[in-house]
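A.B. asks: Chain by chain, the residues:
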Amino acid sequence: MQYASAIVNGILLGGLYALFAAGLSFMFGVMRLVNLAHGALAVLSAYGALILVRAGFVSPLLALLVVVPAIAALGYVLQRFVLQRTLTESPLPSLLVTFGLSIIIENVLLLTMTANTQHLSLGGFEKSSFSLGGLQVGWLPLITLLVAIVALGAMSLVMGRTQFGRLVRAVSDDAPTVSLMGANPKHIYAIAAAIAFGLVAIAGVANGLRAGFDPPSGNAMLIYAFEAVIIGGLGSLWGTLLGAMILGVVQDLAAAIVDPSMGDLAGHIVFLIFLIFLPNGLIQRKVRL
Amino acid sequence: MLELDGVSVYYGQLPAVREVSLSVPNGGILAVIGANGAGKSTLLKAIAGQLPIRAGRIVFDGKDVSRLPAYRRARLGISLVPEGRRLFKSLTVEENLLTALATRRKGPWSLEAVYDRFPLVAERRSRRAGDLSGGEQQATAIARALVANPELLLLDEVSLGLAPAIIGQIYASIPVILEQGTSILLVEQDVQQATRASHDVHCLLQGRTSLAGRDLDLADITRAYFGG
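Chains A and B are the protein sequences, given in the same order. Heads up: take any position in the first sequence, counting from 1, add 10, and you land on the working numbering. Heads up: take any position in the second sequence, counting from 1, add 25, and you land on the working numbering.
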């Protein structure tokens, strides 16, 4: 029963990791940009919700209505005016700039919000659970997983069925030629970044409800997101969800069987095993995002 | 329609096109010919906005478009069928055509009209573009440019690497495109093919205009083509 519970909770935790990882995977798929500030942005979003709650917003969920558009807008501007300039043949400039960005965000948060661990609260709902065949299932993780599935499903529909989705896939194939079709690749990149940032904002707030956060806690999230993306297969949306679930299950199982402190390590080990034996991940990219 | 006035294009320090002036009349056609490396493709890329020009002016429909980015020129009605086709390989043929709707231009070339004109493309509409043969790819690339309903179609070596029968089919579509009021600027290595398609010929040699005129003598063109 203990294992079954660990597996179910691990799958639910995978929903949160998938929300983290989807934006990372999406930006890489579209513009070959690895955003090392992804974790820091999640933490920034959580602090954003915290500030709004302190300023009188009734609930962090209501704060999402402000935080998600704000972070998405930040994504658009940042991509259009900063990250765009780092897109060269070499991946190094974008890595350096996003790494620098993560350091700036972390330190600004340290200066303004202190290093104390913070929590977001839904008045106890975030800890509540229901019983399913003897298993305790948390409402918040379940809802997070559903949000992740809805978000990935929506993205998948947009990418597959709409003109914007076609242009995103086209730009990932051959950006200069997209401009011949009358669309501005920089604008498409920036919207893609806005979507990725919006997703990570949701993930950051969800994580703030689930666990405590402090300014440096984005680093661990970034690593989980990377691991989920690699296990699932770079650029595949549903692969990312699968990878995130595998990572969540492994972490929870190891914590339940071996020792509560072993979860992270077990996750890293499984990730390394995938990297060695299945470096392209579970779902090899057929259709790029 | 299109006027180039002393246009120069450089790759770094290297001049690829030097002080070229030419014009394409409204609804007309002009063939730019020249050997490999004469600067033909560079010239077309500069007109489409994919390469910056170092000197001169590009005027389209009375408007100086020299500094406009490529996507703005496409919206004004300049469509380039690029060298090597440059289809979006992971998209289907139909999706490739639909991307050109981003120009938001109205005109005779609806998806249906294009499929009617290019049955080969219609047959392959749900194939992935990366899986097409060379001829199918070229036809798709032209069809894609037409969906944008351009006022000026730039064709870059559409016959390159294709079987003669396919080249014939592709060139057969040129009069149809002209009939719809679209002007064409075509770049070609094959002199006979070019002179058959267009009375007006502009010859480039090492980036410079070596000869230009109407119904030119083949011997003159050959001299202008190879130099000497």
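Please keep in mind that the hints were generated in silico from the structure rather than gathered at the bench. Be a bit skeptical, because a hint or two may be false.
Unchecked claim - In silico DMTMM-like pairs for lysine to aspartate or glutamate, Cα to Cα no more than 25 Å straight-line:
| hint | chain 1 | residue 1 | chain 2 | residue 2 |
| --- | --- | --- | --- | --- |
| 1 | A | Lys196 | B | Asp89 |
| 2 | A | Lys137 | A | Asp274 |
| 3 | B | Lys114 | A | Asp274 |
| 4 | B | Lys88 | B | Glu148 |
| 5 | B | Lys114 | A | Glu99 |
| 6 | B | Lys131 | B | Glu119 |
| 7 | B | Lys114 | B | Glu148 |
| 8 | B | Lys114 | A | Asp184 |
| 9 | B | Lys88 | B | Asp225 |
| 10 | B | Lys114 | B | Glu137 |
| 11 | B | Lys88 | B | Glu44 |
| 12 | B | Lys131 | B | Asp141 |
| 13 | B | Lys131 | B | Glu176 |
| 14 | A | Lys196 | B | Glu119 |
| 15 | B | Lys88 | B | Glu176 |
| 16 | B | Lys114 | B | Asp86 |
| 17 | A | Lys196 | A | Asp274 |
| 18 | A | Lys196 | B | Glu108 |
To be verified - Among the chain A residues that face chain B by a calculated CB cut under 7 Å, a handful are:
| hint | residue |
| --- | --- |
| 19 | Glu136 |
| 20 | Lys137 |
| 21 | Leu190 |
| 22 | Asp224 |
Where a beta carbon is used, it is the ideal one built from N, C-alpha and C, also for glycine.
A.B. asks: Each of the hints needs a verdict: does it hold here or not?
C.D. replies: For each hint, the structure was consulted:
no.	hint	verdict
1	Lys196(A) with Asp89(B)	holds, 23 Å
2	Lys137(A) with Asp274(A)	holds, 22 Å
3	Lys114(B) with Asp274(A)	violated, 40 Å
4	Lys88(B) with Glu148(B)	violated, 39 Å
5	Lys114(B) with Glu99(A)	holds, 20 Å
6	Lys131(B) with Glu119(B)	holds, 18 Å
7	Lys114(B) with Glu148(B)	holds, 17 Å
8	Lys114(B) with Asp184(A)	holds, 9 Å
9	Lys88(B) with Asp225(B)	holds, 23 Å
10	Lys114(B) with Glu137(B)	holds, 22 Å
11	Lys88(B) with Glu44(B)	holds, 20 Å
12	Lys131(B) with Asp141(B)	holds, 18 Å
13	Lys131(B) with Glu176(B)	holds, 11 Å
14	Lys196(A) with Glu119(B)	holds, 24 Å
15	Lys88(B) with Glu176(B)	holds, 14 Å
16	Lys114(B) with Asp86(B)	violated, 33 Å
17	Lys196(A) with Asp274(A)	violated, 38 Å
18	Lys196(A) with Glu108(B)	holds, 23 Å
19	Glu136	violated, 41 Å
20	Lys137	violated, 45 Å
21	Leu190	holds, 5 Å
22	Asp224	violated, 42 Å
Hint violations for this structure: numbers 3, 4, 16, 17, 19, 20 and 22, all remaining hints satisfied.
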